[in-house]
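Undergrad: These two chains come separately, so use the hints to put the complex back together.
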Amino acid sequence: MVFAKSDLTIAELYDHLLVSPELADLGAALRQQLSNDRAALLAILETGSELERDNWGRESINLRDIYTAPLNLLQAELLRRQRANPEEATERALMVTIAGVAAGMRNTG
Amino acid sequence: MTPSSTSNTAQLRQNVRHLGEILGQVIQSQGDAGLFEAVEAIRLQSKQSRDDDDQEALRALLTQLNEKQILDVARAFSHFLNLANIAEQHHTLADYSQSLFSATASLESAFQQLLKDHEHNRLNTVLKNLSIDLVLTAHPTEITRRTLIHKHGEINDCLTRLEILNDKAAASSKDHSRLKELISQIWHTEEFRSDRPTPIDEARWAFAVIENSLWDAVPQFLRVVDDICERYALPIPPPNWSPIRISSWIGGDRDGNPNVTAKVTREVLLLAQWQACTLLENDIATLYEELSVTTASTTLEEATEGALEPYRFLLKPLRDRLQGQRLNIEKALNDQSLAPVPLTLSEIVDPLEACYESLQAVNLDVLARGYLLDTLRRVHCFGPYLIQLDIRQESARHTQAIAELTEALALGDYRDWNEGQRCDWLRGELDNPRPLIPAGWKPTPETQEVIDTFLVIAETPQSALGSYVISMAAEASDVLAVQVLLKATGCTTNMLVAPLFETLDDLESAPRVVEELLSDNAYRDRCDHQIMVMIGYSDSAKDAGMLAAGWAQYRAQESLLSVCKKFAVKLQLFHGRGGSIGRGGAPAHDALLSQPPGSLENGLRVTEQGEMIRTKLGLTPLAVNTLGRYASAILQANLTPPPEPAGEWRVLMNRLAQHSCEDYRRWVRDEPNFVPYFRQATPEQELASLPLGSRPTRRRSDGGIASLRAIPWIFAWSQNRLMLPAWLGAGSALARAAADGHEVVLKSMAREWPFFWCSTVYVGDGVREIGSHHCRALRPLTG
Numbered sequence: 193m194v195f196a197k198s199d200l201t202i203a204e205l206y207d208h209l210l211v212s213p214e215l216a217d218l219g220a221a222l223r224q225q226l227s228n229d230r231a232a233l234l235a236i237l238e239t240g241s242e243l244e245r246d247n248w249g250r251e252s253i254n255l256r257d258i259y260t261a262p263l264n265l266l267q268a269e270l271l272r273r274q275r276a277n278p279e280e281a282t283e284r285a286l287m288v289t290i291a292g293v294a295a296g297m298r299n300t301g
Numbered sequence: 007m008t009p010s011s012t013s014n015t016a017q018l019r020q021n022v023r024h025l026g027e028i029l030g031q032v033i034q035s036q037g038d039a040g041l042f043e044a045v046e047a048i049r050l051q052s053k054q055s056r057d058d059d060d061q062e063a064l065r066a067l068l069t070q071l072n073e074k075q076i077l078d079v080a081r082a083f084s085h086f087l088n089l090a091n092i093a094e095q096h097h098t099l100a101d102y103s104q105s106l107f108s109a110t111a112s113l114e115s116a117f118q119q120l121l122k123d124h125e126h127n128r129l130n131t132v133l134k135n136l137s138i139d140l141v142l143t144a145h146p147t148e149i150t151r152r153t154l155i156h157k158h159g160e161i162n163d164c165l166t167r168l169e170i171l172n173d174k175a176a177a178s179s180k181d182h183s184r185l186k187e188l189i190s191q192i193w194h195t196e197e198f199r200s201d202r203p204t205p206i207d208e209a210r211w212a213f214a215v216i217e218n219s220l221w222d223a224v225p226q227f228l229r230v231v232d233d234i235c236e237r238y239a240l241p242i243p244p245p246n247w248s249p250i251r252i253s254s255w256i257g258g259d260r261d262g263n264p265n266v267t268a269k270v271t272r273e274v275l276l277l278a279q280w281q282a283c284t285l286l287e288n289d290i291a292t293l294y295e296e297l298s299v300t301t302a303s304t305t306l307e308e309a310t311e312g313a314l315e316p317y318r319f320l321l322k323p324l325r326d327r328l329q330g331q332r333l334n335i336e337k338a339l340n341d342q343s344l345a346p347v348p349l350t351l352s353e354i355v356d357p358l359e360a361c362y363e364s365l366q367a368v369n370l371d372v373l374a375r376g377y378l379l380d381t382l383r384r385v386h387c388f389g390p391y392l393i394q395l396d397i398r399q400e401s402a403r404h405t406q407a408i409a410e411l412t413e414a415l416a417l418g419d420y421r422d423w424n425e426g427q428r429c430d431w432l433r434g435e436l437d438n439p440r441p442l443i444p445a446g447w448k449p450t451p452e453t454q455e456v457i458d459t460f461l462v463i464a465e466t467p468q469s470a471l472g473s474y475v476i477s478m479a480a481e482a483s484d485v486l487a488v489q490v491l492l493k494a495t496g497c498t499t500n501m502l503v504a505p506l507f508e509t510l511d512d513l514e515s516a517p518r519v520v521e522e523l524l525s526d527n528a529y530r531d532r533c534d535h536q537i538m539v540m541i542g543y544s545d546s547a548k549d550a551g552m553l554a555a556g557w558a559q560y561r562a563q564e565s566l567l568s569v570c571k572k573f574a575v576k577l578q579l580f581h582g583r584g585g586s587i588g589r590g591g592a593p594a595h596d597a598l599l600s601q602p603p604g605s606l607e608n609g610l611r612v613t614e615q616g617e618m619i620r621t622k623l624g625l626t627p628l629a630v631n632t633l634g635r636y637a638s639a640i641l642q643a644n645l646t647p648p649p650e651p652a653g654e655w656r657v658l659m660n661r662l663a664q665h666s667c668e669d670y671r672r673w674v675r676d677e678p679n680f681v682p683y684f685r686q687a688t689p690e691q692e693l694a695s696l697p698l699g700s701r702p703t704r705r706r707s708d709g710g711i712a713s714l715r716a717i718p719w720i721f722a723w724s725q726n727r728l729m730l731p732a733w734l735g736a737g738s739a740l741a742r743a744a745a746d747g748h749e750v751v752l753k754s755m756a757r758e759w760p761f762f763w764c765s766t767v768y769v770g771d772g773v774r775e776i777g778s779h780h781c782r783a784l785r786p787l788t789g
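Taken in order, these protein sequences are the chains called Y and S.
Counting from 193, one number per residue, gives the positions in the first sequence under the working numbering.
Counting from 7, one number per residue, gives the positions in the second sequence under the working numbering.
Simulated from the structure, these hints should not be mistaken for lab results.
Take the hints with a grain of salt, since some may be wrong.
Restricting the straight-line Cα-Cα distance to at most 25 Å, the calculated cross-link-like pairs of lysine to any residue (SDA-like) are [stated by the list, open to error]:
no., chain 1, residue 1, chain 2, residue 2
1, S, 753, Y, 231
2, S, 622, Y, 253
3, S, 53, Y, 209
4, S, 74, Y, 283
5, S, 622, Y, 254
6, S, 74, Y, 272
7, S, 53, Y, 204
8, S, 53, Y, 223
9, S, 74, Y, 277
10, S, 53, Y, 254
11, S, 753, Y, 235
Bear in mind the structure is a predicted one, so any value in this text is a computation, not a measurement.
Extracted from the complex, chain S is given alone in its bound form (with noise of 0.2 Å):
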């Protein structure tokens, strides 16, 4: 979808300079004169830079500057970027540009494709399986403050209630003042929190988003199907078809992030109920207020004994039961007592369902399908938990967790063992009936941690909670170790344990890990037939480049479904990805068409992160829209998926990957000047003083490209410009492939395979959903 293709971005140029004009008569009413000529001075001459090439008069005019000044110039830049942003935000959410981006318009175009071919009844199945799990994450990528945010999100309001007018309206219209209002508060609000969040701040943001978007999101997309459906003859989804799942990893994920213990954990739990508790209880309130109707069926009027208002009679005692539960929830985190019993789904389902069966049942459709429905819906969706969280620990935690076990229970060092007698070990204990934790054992206070951690899942409902991932897991005894302290702290074992491989030699060997898990009976009954796995992204990348990691993953995920095939286990693909390219991020449609064949039937599950969170979920418009482009490509993935590479192509993408990980790593591995050219010539070192987020920017504090975390070494690289995470590798073995004869090939890869398309040759700034007409095979639906 390109913006261009409407004439409309003349009002996004409008639009932008609109902003940019109010942001200088700010800074100009400050009586800062003296500033206002400033930037707009070094404006132009950037200007004229970039038409010259040659940026030395702007430096010029720069090093005039004083301290005072290069700050000031520096936040109205910024600021004025920002504004940019917003209008480009804005012009995706327009009415004018509906026909490009709405969520009606992503799945009619996948409607209209998919009849062609399939029947009405393959669709609707695929359709009856759709399932979008959203994994909210803490990763500080977010470099903008809450309070700023919100203001964007009003200025975006603001231009969507200006454009309706005409121009002289506009011009006296009090958004337009309130342009000005807003503006000015941004310019005289500080840029930086002064103090890193602690993981409950962070929490408190998804939950926001959660209240402030996707809480309306949800229902609006789903009515967004159910009039596609309508308009397409599908039947219309009914009210407990829930495709739509929101998990988090916030306070949850612990993995490098000492400030996430179990303590912080069970808060987090608890803070999400008491979110839940809060949303539900208006939204019962509002339909206790609007449900004063008579007329019911039998089975109603019989289960609410002849009550004059039935509706409400069944409303009144969930109301306060929610609100009995919140103020419960309140007082145990205030004076950390004891928390209530979790309210159940039934207990909130129940009630609200026999009010729609009866409106229903008396031809009050109007009324069942309203307000009502986007409650149930709601409640589906978010349920008395509000997100699932997950928990992730790092593999080695485990290992040690089970040494001083082993070492307590005197059977000698579980890390001297070999990975088979390691195996044999924790296989025979989860057999075993009898406690593995011996009465007075004594751990170290991280094993403790790791201890407790499973002591708040133990004690939590399952449906409160989503998968236990185990981040740098290599082998089967990492996900065994796993299931050993599941038990043996008192939990169910059958919670989804997820190794996610993340550098080039785990993905390599993650088939082999999964078929070594699933080959054992045992296994795959504790596990009820089905395995998540996580494929890592970033780190891959980080690790071999974007290339051969991007194959790596390609591959990892064909061997794992065949494997789960072979052993008739359901597999969910977990997708630890980015928002930019060298973190597995590429526009939403073309990134999951270019996964591999079947890879998407049970669903999609995948990380949105820091910015990513803002920029696609954070106004409920946006979220909506983001929605339907999930759901169309992953509609059309299932009933259309993209070509299988044939044999040319693998032999040639193999050579590819190979030749691009020896070039990647003769630089960044092998060459010694590397590390220290790196912390010269970009930013990173000085990243770490950025409070964005709760966790510390290192795994490790003692240096080396290994124990840097993928995202610092991505900011990094994109501040000054050199981009390397994007491309090193990748283009000198195209080089060397087209000259040893293989254009042609290289050229059909690139037209026909959207996977060589997305992973290798994505020319786009990996934002704007632009550019896939290069590809042939995702030109269907992108137009």
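Isolated chain Y (complex conformation) (with noise of 0.2 Å):
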């Protein structure tokens, strides 16, 4: 289970901007069961934190949150916006951050 690349509060902000009220309540109980998962994991691996022995690992991933937060509350916002109201300006911008976020995740499919 890779949890590492996981961030409640970034889907939680997705969900906020782009899911209808009647769908939120099922956007919650996911990061909810994330959240168990997670801790369920932990106490197996017997460890703290996934990453915590690797310092890189760690380290690679809070530089890469840095630049990949303001990317992905940049989609969130244009997804938002787009859907209101479609416009190619709006949807170039939306692929960068797409392209952004993958290159950010390193991986995509």
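TA: The structure is reproduced here in structure tokens:
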């Protein structure tokens, strides 16, 4: 289970901006599930943080987060705009954020 | 292998900072001070927000941007991340990392470890049987444009040269200004292609990877093996030893991609030959230049009629032949005329081997084992066809084709027959000497396309083709149907037909299906007592969740191995893995060691796709390192197999798989709001507008999770950062097992069992070779 690249705050923001109210509970429940699962896994691994023993791995993810977070925030907002009122300029910026987040995650599909 | 175990992460940090600063300068020098300040302010706030764990201030800052600024800021951050990736990639290639990541280091550590427990002879036997077949696919996961990838490669070269210099010399080096030039080019280049690539474009990219990286990487890797063998007193492999094979799906995989037609496949096969001729012509021209030597063995002297320069005497006609062939192919490609008869391997190999043997005979080893050896090895690996092209088609298309035939023959609708009836009829047809296709048969256009593809196979030399992969295969008749179509269209019927099992149900029935096929003597004879079976990682994970899918893949492989053993049939497993965890990706070494014992005995055949082609094979040294990692893991897995799961582990694993699959499906299938939620919360719909590949993103356009390809499914969840495919179902199953008193067993599984570690509790990011220290059984090689 790869938790290292998940981000609950960002996932919540997407829900907040993009998900209709009647589906909001589902998103909240999935995020709760992720937190529970993470705790269950760490109990089995007997370790505090998944990457705690891997300094560069941690550092690399932290470093990327600084750049990926603004891209995620922009993407959520651009998705909202594009869905409300599709425009070519919005779409272009959206595509850039998708490529950027993919670079931050270092793999795509 | 943890990069942190070297002190040189300082250099890595410095490179990341350096590249970031240059990007900042480039932005500033555009006279757009406002943009530079905005980017800086956002970067600092993002750092602060992360430390405070509160993104409100960052959001507030971003909402102040106008439309143009949003685009520019997004571009700046996106390029910064690409530059950080380049620096990390460079880190694994740098001189100071050789002891950690190089092929020499991987193999050396494997040899050391293995020779402690095994005789030299044993290691030598396993080494001789080494076989790595990398199958390049066009799966649309590569988001970076080719022109940018090229510039990224140049940046890597600059970093390499700059690190050799001291700070003062580096500051004034021309590579310093070159970096600025490259980053400036990147900043002023459009991120995306304006149109979707065609399958021909995709094939050209793959051939470019071979030209720019693998063409050199294969002989370089083999030289690493030579050196290690010499050092550890093993026989040095002969020049015709060819453990690496490069295959491709690009232009052959028509599953869900209507743009890949029979015509495209024919053109791609011809393009591959053109590329092979071009590359070989260069090599032979170089050898012709260099081998002006006059000393030769008596055999060669006689064969060359006493020519003064016997090597040139042999090489010149070969060079001319390659050149002539290349020109003929160019003509055929340009005016769609008849393609020339392909060259044979022996036409190319024979003169080279004659040179090699003669040079050895007259004690000119230094010449025999120089450029000539590299060339010989390239010829053996790439041959006249460059790659082996696989064909892939969906099983339903074959069923339809057969049904149209049975209807034309007034036998009724094949689709109405049960599995037993289908198999009986198909087996009868395989033994039937009369032609099956009636004269003047007019199939539907879809079936005509299927038949046309078989006709391309019929006209193509067998060694230019790999296997015929059937996606969504479920029953023995799916395989027999393809064999009947091969026979009906005049192909050799011993082409490897590989069923791809890619849902949970299909994986579970795979051993039964293969047993049904193999229990027929005629089948075993027809397939030369070998069979290829493809395991689909990504679709099964989308179907059942990663934990249940992982266990199903494991058990399918185990049972397939035992079925094939029973019938004395050689099993070649073909792994359809993606790069991300949800698609079966994990650090290569760990992933291989987590496979069932025996599963690598006939070698490794694995897909390499999209961005993984770039990150694992895109540069020569990267590819050499990747081959070293694969080779060492295969040697280790075959000599010191991972533990077979003991009874207790197996029982618990079955239970975990069942619970996790139930939990996963409860969300994904049974929750009516799930699909609408997925579409709203992620950019799944919007991804379709990205011109990433020639294949449409959906199998069908009627919506629903089942119709969605695995790639956009995972891509979308990685964008909104919920990363759902990487964990859903698994954690809740683990928690239940722990609560029911299985905690001690779970802990022992995590510590001792590479499969469990890799498939379930792997916690890295799927990119770096990190974290395996959690699993004791994976420790020996990873330090």
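Undergrad: Taking the hints in turn, state whether each one holds.
TA: A quick look at each hint next to the structure:
1. S:753 <-> Y:231: 14 Å, holds
2. S:622 <-> Y:253: 20 Å, holds
3. S:53 <-> Y:209: 23 Å, holds
4. S:74 <-> Y:283: 12 Å, holds
5. S:622 <-> Y:254: Given pair residue 622 of chain S, residue 254 of chain Y holds - Cα atoms ~23 Å apart, limit 25 Å.
6. S:74 <-> Y:272: 17 Å, holds
7. S:53 <-> Y:204: 19 Å, holds
8. S:53 <-> Y:223: 24 Å, holds
9. S:74 <-> Y:277: 17 Å, holds
10. S:53 <-> Y:254: 9 Å, holds
11. S:753 <-> Y:235: 9 Å, holds
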